[in-house]
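**Student:** All you need for this note's numbering is the position in the sequence shown, starting with 1, plus 119.
With a straight-line cut-off of 20 Å between C-alpha atoms, the simulated EDC-like cross-links for lysine to aspartate or glutamate are: (1) K229 with E242; (2) K229 with E173; (3) K304 with D332; (4) K304 with D205; (5) K304 with D349.
Everything labelled a hint here was simulated from the structure, so no lab data went into it. Here the structure is a predicted model, which is why all the values come from computation and not from measurement.
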Amino acid sequence: MLPPTISVRHRSHTWFIVLLILTGIVPAQVQTNPAAVERQWVELGQVHWLRNYEQARRQARQSGRAIFILFQEVPGCATCRNFGRDVLSRPLMVAAIENEFVPLAIHNNKSGHDARILNQFREAAWNNPVVRIVTDQGVDLVPRLAGDYRAIAVYRTMTAALNAQSRPIPQYMQLLGAELHAANKAHIQTDYFSMNCFWSGEAALGAIQGVLDTRAGFMHGQEVVKVIYDTQTLSRDGLVRQARQLQFTRQPVDGTWRHAVQDEDYYLQQSPLRYLNLSRLQATRINSSLGLRQNPMIYLSPDQRKIADSKK
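Let the hints inform the model, and build the full structure from the sequences given.
**Tutor:** This is the structure we're talking about:
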């Protein structure tokens, strides 16, 4: 499983978030919701949520995006807290919810506005997390998500909603899906390939669909790239065939490979993009794009692109 990276939106970094707001980098819904930059409950993860249904409807009408409603117990049980930590704190998941939808949090254990919206959608009070993705008229685009608290389930619900609106799935979201699919370790395989230069080797192998990660290293006195890939997307025979076309040679797995840490993601390390908070798959694809002289920006979320543009 590819480990999630640490989000730049850590709650203790209020000063940094304020700076991003002043420079226009934080999404619009955060700027209209000052409470979002304050400490928020772990059950809500790292997403910057709106807390008013009518405000969410207005933003949905103006933007053409659907409303991502989280019905959540706050403060809540272990299931609710784990959902916030494990699902709603993944950087690319946060980016997808904030940029492709209008995020709205409704506390299912509060009175007033929360209780009214809860009743309007006929959701139970004091319940485990429920996700609804609706139009600005409150109509469900996809079936409600309840009882499945995996990140991949939320991802599939989001992609189904985008498909229902005939909206494309951005590349950064596709990378998120590939990483979440890799959580099933039974599908993950590792192989090693030698070549004249592992810088170019990482660039070429990292561009292959199904490859999740590449690592530069040494084996048997040669420069060798370690390749981690998803066998449900890319078979071993398919990987070996493509590597052979690149004139790379598969090496036996004998435990002698040594990591060349200083040569990791060489092209990315020469780029200002190295300062971004990237997942491992993002780093792999971007390194490949740079090495192959292609456009790396397609793999960034909108917020990451704004930060990258501000550093030019």
